[in-house]
Amino acid sequence: ETGVTQTPRHLVMGMTNKKSLKCEQHLGHNAMYWYKQSAKKPLELMFVYNFKEQTENNSVPSRFSPECPNSSHLFLHLHTLQPEDSALYLCASSQEGTGGNYGYTFGSGTRLTVV
Amino acid sequence: AQKITQTQPGMFVQEKEAVTLDCTYDTSDPSYGLFWYKQPSSGEMIFLIYQGSYDQQNATEGRYSLNFQKARKSANLVISASQLGDSAMYFCAMREGFNNLFFGTGTRLTVIP
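These protein sequence lines are chains V and H, in that order.
Basically my numbering = 1-based index in the first sequence + 752.
Basically my numbering = 1-based index in the second sequence + 522.
Next comes chain V alone, as it looks inside the complex (with noise of 0.2 Å):
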């Protein structure tokens, strides 16, 4: 596996149901984010860890929970869930305290609808 890989790829969930997405990164990234992408929106940044600590958090409702057990793995555990939340999350990784070109490698997203 290379890259960043998200799981799963689609997910439906009822609004009182407990579901995770999980993100996994290969590239040896020090920071992982999590984007929420809902439509004719810009994509909102949600939660951000570096080192495995979470540097930010914003404004995101109590309804999302991220974990970041170690510096490869990133969840975003989900519980009652409103409709408004059907969007598609995105998780990123970066390597952060070098130079140069620190841009985000991104997954292919977790497309989520909320019934």
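Source of the hints: derived by calculation from the structure; they are not laboratory data.
Incorrect hints may appear among the rest.
Straight line, CA to CA, 16 Å or less: simulated EDC-like cross-link-like pairs of lysine to aspartate or glutamate [as the list claims (entries may be wrong)]:
#1 V:K788 <-> H:E566
#2 H:K525 <-> V:E819
#3 H:K592 <-> H:D577
#4 V:K774 <-> V:E819
Please arrange chain H on chain V, whose structure you already have, making use of the hints.
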């Protein structure tokens, strides 16, 4: 305030022609990076090209080039010799220093055979 502005919601281009996708940005940080990503219908965000604020030359990567006009704060993406596989959403993004990456609203490009 919007840091990245993409004013073209949709663009059409004839196959084999060149197309320019517009991007303007707003920052007071002298050190920043500008990025373009492609997002096909599959959802993955694919990195295309990068321009650093101190770079003297416009960035180029194969058929992609970035027209960097620092004084105008614009970073337009030029795709030469368009192909049908270029049909996708294109996002301009910026990092100020080592702050997080912020995206514009994107432009949907359709290549016409």
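For each hint, the structure was consulted:
1. V:K788 <-> H:E566: holds (13 Å)
2. H:K525 <-> V:E819: violated (29 Å)
3. H:K592 <-> H:D577: OK: H:K592 and H:D577 at ~10 Å, within 16 Å.
4. V:K774 <-> V:E819: holds (10 Å)
In this structure, only the earlier hint numbered 2 is contradicted, and the remaining ones agree with it.
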